[in-house]
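Asker: For reference, the chains in residue letters:
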Amino acid sequence: MKEFFNIYTDPVYSFTFVCIAFFFMIKYVDLVATKKFGIGLMIGTVVMFVLCFMDPVFSANFYMTNDNVPIIFLVLLLAWTTWFALYKGVNNDRRMAQGLPPIEATPENREKVWAWPNLVYTELFAIILGTVFLIGWAVFFKAPLEEPANPTWAPNPAKAPWYFLGLQEMLVYFDPWLAGVLLPGLIVVGLIAIPYIDVNPKGNGYYTFRERKFAIIVYLFCWLVLWNFLIIIGTVFRGPNWSFYGPFEVWDTHKVIAANNVNISEMLWINTLGVKLPSNILVREIAGILMTLAYLVLFPLFLTKKLFNFKGTFGAIFNGGFLGKRYLQRLGWARYSILIFLVLMTLTLPIKMYLRWLINLKYIVFMPEFEFNI
Amino acid sequence: MSKRTTLNRREFFSFLSVGWIAFAAAAGGMASLIFRFLYPNVVFEPAMDFVAGRPDDFDDGVDERWKNVYGVWVYKNEGKLVALSNICTHLGCVPTWLPAERKFKCPCHGSGYYANGINFEGPAPRPLERYKVNLDASGQIIVDKTKVFRYEKGEWTHPDSFIVV
Amino acid sequence: MKREPGMHYNTKTLNKVFAFVAVLFLIATLWMFLDDYIRPWKAIQVKALEIEQKVLAERIAEENKNINQEDLAAIKAKIDSAEKEIEGRKKEIQSIEKELSLLDKKIYAQNMTNGIHGSKSGEYQFQYEHYHMHHDKRADKYKALMIEAKKRFAEGKDDLKTYQLEQSQLNKKLKKITSKKSEFEKELSKLTGAKDRLIFAKSKTEKTPIWFLRNSPFIDYLDPTLKIEQIVLDNITDDRYFVQTKKVDRCITCHKFIDKEGYEDQENPYKTHPRVNELAVGRNSAHPMKKFGCTGCHGGEGHRVFDFSAPAHMPQNAEQEKEWKKKYHWHEPHKIPEPMLPLQYTEASCVKCHSGEERIGLSQKLNKGRKLLENYGCYGCHKADGWEHLKKPGPSLTKINSKVSLEFMKNWIWSPHTFNPNSRMPAFFGQSNNSKPEFMIKNIAEVNAMAEYIHEKSKTSNAFAKYEQGNAEKGKELIQTVGCIACHQIEGIDEPYNKVNSLKGPYLTGTGSKVDANWLVSWLIKPSHYQKDTVMPSFRLSKSEANDIATYLLGLKNPKFEGLKFEPLNKTVRDEILVGDYFSQFDPEKSARAKLNSMSDRERTLELGRLSIGKYGCYSCHTIEGFAEDRPPIGPEWNGIGSKFVHQFGFGQQHHIPHRRDAWMYAHLENPRRWDIGVPKPFKDLNRMPNFYLNKEEIDAMTTALLGFNAQFIPMAGKKNHDAAGKLALEGMKVANKYNCYGCHKIDGMGGDIGAAYSDDLNAGPPWLVDQGHRVNPDWFQNFLQNISPIRPYLQVRMPSFDYLPGEVDKLITYFNASSGVSNYINKPKVVWEAGEKEAARKMWDGFACVSCHSIGFNNEEAQGPNLHKAASRLRPTWIKKWLKNPLAIQLYTPMPDFWEGGTKAAKEYDESLAGLLGDDPERQMNAMVKYVLSLGNVKTEMKKIESAAQAQKANTETAKKEDKTEDKK
Amino acid sequence: MAKDSFAQKVAKTQVWKSIFRHGPPDNARNRAAVIAGNVFLHLHPIKLKKSGVQLGYTWCMGGLTFFVFLALAVTGILLMFYYRPTAEYAYNDVIALREHVPLGIMRELHRWGAHAMVITVWLHMFRVFMTGSYKPPREFNWGVGVILLVLTLLLSFTGYLLPWDQLAIWAITVGSNMAKATPFAGHGGPGAMLAKIGDFVMVSDKNDVRFQLLGGRFVGEAALLRFYILHCVFIPVVVSVLIAVHFWRVRKDGGISAPL
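Protein chains in written order, with numbering that gives the first Met the number 0: chain A, 0 to 373; chain B, 0 to 164; chain C, 0 to 969; chain D, 0 to 259.
Only chain A is shown next, with the shape it has when bound in the complex (with noise of 0.2 Å):
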């Protein structure tokens, strides 16, 4: 079993299951939205957490860096208030299929009440249980403190911040001027805009999933996939040289793992014209560059015409959805760009991850020589 769960742990496989399992969520939201599930969700939760502390090797690798209590709060927390949104939501829906308000526009909870002592009692109790909370924390678990600073010598692996661990992950399929400045400037960047671009109006005020449901997937696959778990990725599953470590493996500083990466323009010059790397850098990576162009400019010229359709969910989201021509002339261009830029660089990231795991993709546009590499 945890031989099964080191195998299978590694991002090649379990990104690809997260990627799944988020699938099905959406697609079975009804049933991801009962009491049951939420119950089953939190002690399967609870329980996984137990088993792998039962593990002496998880809870060693776990406290190699005790920064990391964090994570268990913070993938509890997340199991939790993502089935609780997604219930709420699902019974507001509920109540709209049925003609009713959502919950929180019914009369009753329309109804304005005083601050004194409703809202500020609420809060004093929250902030009392904050500070049990947190003395709690403090007395359990020591702040970490290793040894004393040496710059001549590394530990190995070299963290970031656990909040940081999702764009470290990152590193390892982009080059750090992406991953570590462009995309996190676009995430900021991306947050800030999205009342800008989301321009549905409705669910304003309340809990809520097929009247957003465009907005609600692509925020949850952000938020769940592409954030949370890299971050769990990066402090469970990276060991030393910030290789890949199953859950129950030990960290072995000497583990190999066969990487052997190769540029598009190898794969073009070498590989299949046979000929040497031309010396010129445009001509040398003229086809990445190509990919590129067309992968941000073309594609979306392409998808406003129509080329595809697909059905089912997918087929809401690309049919209906921001592919099509509807969306362009709902947003206009200015919102319609922003928002496919923006759609498009977060899919870089899962692209280049899969380009990696199928092709041994290095870089797309590899200019050593501007360090500007893609």
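Honestly, the hints are just simulated from the structure, not real lab data. Treat the hints with caution; some may be incorrect.
[Unchecked claim] Straight-line Cα separation of at most 27 Å, DSS-like style, residue types lysine-lysine; simulated pairs:
no.	chain 1	residue 1	chain 2	residue 2
1	A	K275	C	K175
2	C	K718	B	K146
3	B	K144	C	K718
4	A	K201	D	K46
5	D	K205	A	K201
6	C	K179	C	K367
7	A	K254	C	K594
8	C	K180	B	K79
9	B	K79	C	K179
10	C	K180	B	K66
11	B	K146	D	K205
12	B	K79	C	K149
13	D	K49	A	K111
14	C	K105	B	K152
15	C	K189	A	K361
16	C	K142	A	K1
17	C	K185	C	K171
18	A	K254	C	K150
19	B	K131	D	K205
20	C	K189	B	K79
21	B	K144	C	K226
Dock chains B, C and D against the given chain A, drawing on the hints supplied.
Answerer: Same frame as chain A, but now just chains B, C and D:
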């Protein structure tokens, strides 16, 4: 009457624009003060360049005289002199020069490098780095460790990465 | 105009005011940036750039002269022709390049495949090992995979090697074609390389637009060329009282060329440091800049660069101060604990790290100053760490009656310089603060009383020898040649013997008017008879020699002084002093009087004498009966005076003296009593520091030495650290100083004062001691120092016999051994001849004509070299070899020929007849010679054998020569 | 007439009145007065929609974030009494907190609080998104919130260096190496190579953004001081200002979101 108004407006516009332009420039200057303030004029960091002597002081092959002080091997061969970093590209240990076998061997995980710094055995992913070298007016070699030349980037042909002797 | 409702101000006016204040704001901002940007050191760096450019241009011109234009043209022509040749083979080259490019691709692709197989085999091996260890079935699968991958990796590697071989062959081919050209190019670079580098360096000094851009305001953080340079020192600290912080010296920001040769003639701050490669700053000097910085030695605030005054530059003199004020707006540094030492006192800093060393090799002025402090006996009154071992500077007065008369003593104490202008006994009386008649009367009473006291307490010493009239001329000759001049300057001495600037002993003049004749003879023969602890040695003078010298010395008279009659004691004054200054200090006048009345007249005189000796501190320098040896000296301690706060020095009313440490010391040494000038003081409180009548040079040197008593904290790591042997050596150095070994011998470059008298023929003077520890056998040395028997009897100057205290000889020997880095123990040299060595040595002995100089014990004719019979017991064999190899490197003046020219040439080069000896191997020849020299003194019979053999040989060779000649004639 | 209770007596004293200016909040008037008349409470509305006080709706994540921020400010200021940001002392001072400083558990509270704040602020954003509360008229406040979230991460990141242990220095090294790759502004990033004229290198390790962040070429003592200032003064001040804006906008945009 209308003439006066336009004149007034122009006058009004120019004073206001002068005011705002000057104010913006000054405020920009104050802001750039913060920017400039954050770059100190003097930095307390170990010196990254040193004088290694004259090219004639070195025999062909690997010379270890600067290894302990500056972490640099001087390697002279076929009319070229280079400064090799003594940091293993695997995990940053310090390899040992074995004159009999004519190779660097890392004691930590057994990476091996030829005398010219190219890796040939063990886990090292890439050759040793080379530092910038050039000659000063008195013909002394200046090794500058701030500039690194890496083989896999094709930088070893850069004119600053070696001295012709 | 009409006012808008709700508006207090007119909008137009507001805009105008806004425009005005905004522009003001902008100007202020720009002003702030400029103020930050403009710094004095930048101007200096710009000027330095110009100077550098000029110097480089000069050097390029010089280099141009050195390059032979014809050679240059020839090489250029050669390169051209080689290029044409290459041009002719263009097709060949192109085809090779094509092949190479194909190979490049193959190698690239092969590297890729190899990488894949290599990394796979690595991974499979790890998996295999992992599963194998856990006895997992999958191990077999991975083993197979691993073997497969490894196989393919090995194959690929083989392929790669083939390609690489091909590549290198092709490259060789290509290189061959271009080899001629590259060879010529190399020649060219050899010829012009130096010039090219200079031109390159000069190009860096051009003020191009980019240069201006780099140094322009605001963006000068990117990569400026004008910048503050600094040295951070790990081992030398700034004292911040709560903590020691690393010293940071930024002096090189302005002193740009301080470490670069070639700027010696520039003016400051563009000058090269003096003795840059020997003393300091240079990378190979004793104190490289990066390790010792600047302010460790020079003092001052090295981290300040704001303007000229900021680092606390200090002028050397009033003139420079004036110049600086004009040129740099210099002002006295304020609130700075350690301003820079004026340049002339820099050597004071040496002591900070070289504490405990009596003589510091590179500090000439400091050594001189300390020697002066020692010779003037300053340490007698002023305690100082590291000076405790010295005996009291003045002669003992316990037997003074047998040396001088009471009358002489009184006159002498009153004014020593009247008798001997070079007296080192300082003047206490007749000074600027006690020349008033009412003070003079009291002083006279005191002098009378002191002399009476000393006279009373003195025991008589029996002069064991009787003076007999001798030959004064002979005496003078002896004085000049035997070695007296190493310590004494003596009146009437001839050139060049009067050139010796010796300071150890007193200047001898008017001796005949001073001392008792019998005392003098006894003193000359055996000084320790009169004073046990004297450093005056015995020169093993015969009675007649001693009398000759005494005759000369007694002939030196000072009739004027002899005629002086000292004013008699005024008893009322005496009583007045006793009561007023002493008895009534703690008692009421009445009981003081009673005390006086209870004393007899003689008792009163003696009491005043005793009290006055205590008051003036005579006991600090002289041993006087009735004063305990351990009575603390009279002056304040020197320790820490070099870093004493300036406000702790009393400047009295001397307002023209700058308030600086060094200025106070200088003024103090010039006239110690000056601080009383203009200050009304009672007699008993007058400043008592006596006047030494020092000249300016002496004061300068002594100030340097005094500033060296510095209490600044230097971490152990930054100091000169001596190992155990080194510490012993320092002790030995003290002994060598005490007995003034340096007066005669130049020891490892230090001392050798007497050399001034032998400048024509240093070989006739005392030998230099170079690497003495390595040279001599310690056992012999120990014996020699205690029982002198001359090695060079041909020398007139004598090695004197000192009365060493127990242990001092050991210290001396340890000093020499430690400074040579050799052990005290040596194996007794054993001579084991190899085949043919002995004969060869014999031949060389003759061929080199060793006996012609080392004649002692052979033919005893005009000896010029030391006695070689003593060599075996005296010298270390390794040293003999070193000496034979290159004697001039050891003693610059030696007449010993350089037979093997530094060990590079065989003996045949010196004399053809010595060809073929020991295979003409200089090394073996020298070894043989060493053995021969050692065998000379081993056994007397052996020696005789050799002698007789030598004679036989001589006869043989003579006959042979004759035969040769006759043959030639034929 | 009933006798005044002790509390009522107290509430009638001049001192009480001078401070609170109203009676105990047991009637409508005083309930309004207690909120409106208190500088700390007046950022609340006097009355709000019911959903605003329902934990099931708000999760109170924003409030918790603010509370943790205050707790961090208090513990942080206290820690500053014992901590010196120098390479010489920093590590020892942290050990001191662990070993002998009275209630050195303050450091645990501070550190775990920092992590908790990251989680609560993330979940706050999640909740706001899921209820669509970023929609008009709250677009601007959402933007402020995103910036506050980034600043929270930066606060946590800058604080990470201060214990001056291996975890600290290498996490910051890994993190600050990202800045090195900033296009045209970091010496390891794209375009840096283009920014030079001859010898004049305009983007190098001694003048790029990373240098500005670290005050040196390595994570060294200068970086420690800079991060200390950023962590203790600079970012907290900015965050405080933005929090004020954030709260003010919550009120101005119609209070805690609810169905329109």
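Asker: Are the hints correct? Go through all of them and say.
Answerer: Against the structure, the hints come out as follows:
no.	hint	result
1	K275(A) - K175(C)	holds, 25 Å
2	K718(C) - K146(B)	violated, 36 Å
3	K144(B) - K718(C)	violated, 31 Å
4	K201(A) - K46(D)	holds, 26 Å
5	K205(D) - K201(A)	violated, 52 Å
6	K179(C) - K367(C)	violated, 64 Å
7	K254(A) - K594(C)	violated, 103 Å
8	K180(C) - K79(B)	holds, 17 Å
9	K79(B) - K179(C)	holds, 18 Å
10	K180(C) - K66(B)	violated, 36 Å
11	K146(B) - K205(D)	holds, 11 Å
12	K79(B) - K149(C)	violated, 36 Å
13	K49(D) - K111(A)	holds, 6 Å
14	K105(C) - K152(B)	holds, 19 Å
15	K189(C) - K361(A)	violated, 47 Å
16	K142(C) - K1(A)	holds, 23 Å
17	K185(C) - K171(C)	holds, 18 Å
18	K254(A) - K150(C)	holds, 21 Å
19	K131(B) - K205(D)	holds, 16 Å
20	K189(C) - K79(B)	holds, 15 Å
21	K144(B) - K226(C)	holds, 20 Å
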